[in-house]
Amino acid sequence: DVKVTQSSRYLVKRTGEKVFLECVQDMDHENMFWYRQDPGLGLRLIYFSYDVKMKEKGDIPEGYSVSREKKERFSLILESASTNQTSMYLCASSLMDRRETQYFGPGTRLLVL
Amino acid sequence: GEDVEQSLFLSVREGDSSVINCTYTDSSSTYLYWYKQEPGAGLQLLTYIFSNMDMKQDQRLTVLLNKKDKHLSLRIADTQTGDSAIYFCAERSDSSASKIIFGSGTRLSIRP
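So the sequence lines, in the order shown, correspond to chains A and B.
All residue numbers for the first sequence refer to my numbering, where the first residue is 2 and numbers rise by one.
All residue numbers for the second sequence refer to my numbering, where the first residue is 6 and numbers rise by one.
Calculated directly from the structure, the hints in this document are not laboratory data.
Rough simulated footprint, nothing fancy, chain A against chain B, three-plus residues with beta-carbon under 8 Å:
| no. | segment |
| --- | --- |
| 1 | 43-51 |
| 2 | 104-113 |
For lysine-lysine, the following BS3-like pairs were computed, each having C-alpha atoms within a straight-line distance of at most 30 Å:
| no. | chain 1 | residue 1 | chain 2 | residue 2 |
| --- | --- | --- | --- | --- |
| 3 | B | Lys41 | B | Lys61 |
| 4 | B | Lys75 | A | Lys58 |
| 5 | A | Lys4 | B | Lys41 |
| 6 | B | Lys104 | A | Lys72 |
| 7 | A | Lys71 | B | Lys104 |
| 8 | B | Lys41 | A | Lys56 |
| 9 | B | Lys61 | A | Lys4 |
| 10 | B | Lys41 | A | Lys58 |
| 11 | B | Lys104 | A | Lys56 |
| 12 | A | Lys71 | A | Lys54 |
| 13 | A | Lys14 | A | Lys54 |
| 14 | A | Lys4 | A | Lys54 |
| 15 | A | Lys14 | B | Lys41 |
| 16 | A | Lys4 | B | Lys104 |
| 17 | A | Lys19 | B | Lys104 |
Beta carbons are placed, not taken as given, at the ideal position from N, Cα and C, and that holds for glycine.
Okay, chain B solo, but in the shape it has when bound (with noise of 0.2 Å):
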């Protein structure tokens, strides 16, 4: 069935670039999303691309994705303390239009 994984924990040094990865199984996967949650919220999309495109770029946070290997990428540039949360990475297929599966979630913290 589809999967979506994705490590659990991340610590970056503030100012340093973060890298999130996720991997997919489901290849006919359309769109793919990554979500934020902070402390205490619920889920916030934070950015998604088509599953045509290699790469979206939106202020700091640039996604890629290798379609040949499932694999997305997030990445946010200097990062912030603001930026501590929790990221999940979210796919949606041709063959599930309503359904979204969800990765686990990768926690990432922040250090001075």
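The shape of chain A in the complex, shown without the other chains (with noise of 0.2 Å):
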């Protein structure tokens, strides 16, 4: 069974502090993906990573910084948070083989106050 697991289920942050969110996965998936997920608007793609030390712009890419040395490892990275990034945050993980869908950790509800 694939595992994509989210270092904290619900954080709390204050406007201005730096954030990082972690994500792990376990099946030595090249492609790993952090979204955003507001009601109404569905899955946004922040950022994704198809290698390490790979990244490449989602949709909404501003405000968020990625960071992934090693496979099994893709932070995301909030430099100076915003109430406007209160959301819940959702990482992925896929194999390179465009037949392959995606695998999703169980989220991150971060609340910046």
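Join these two chains into a complex; the hints should help.
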């Protein structure tokens, strides 16, 4: 079974704080993704990575950065959290093969005060 | 650009069939997916269909694809309370092998 884990289920941070969201997958997947999920907007892709140290911007990268130093770990960083970054953050991973679907972690619900 | 649309809410009676509809715009879509998200959880793949198929059945789930109209549907037979969730339609196109485009999700609620 594929397992994608996220470091926290719930986080509360203050405006201006630096926030790290960690994601780990145990199936040797090449691709990893960070999404945010907001009511009525579905999932929006923030960043993805198709290899170690490689990253590509998704649809809404502003205010975020990522780090992929090891294949199994993909970190999402909010350099200076703002209230409009309050959201559910979902990590996913997949194999490089285009036939493969994405496997999701349980999500981190972030509240920025 | 690519877009996937679905209605936000659906309410059905327990034991009835649920039909969740989705439309997409990318004519080069190769794979279409249905994901289920239960409260407080991540997304779980329910089923998928290749673009060269019209229908796929898996126990209580039936996926229908009308490629000409770019319309995808998910039918859940004998809907149970455990089917209450948000259902996401998603598509992957030839033009973007790694990215999957998700719809906004349909919240399915079951009434007794």
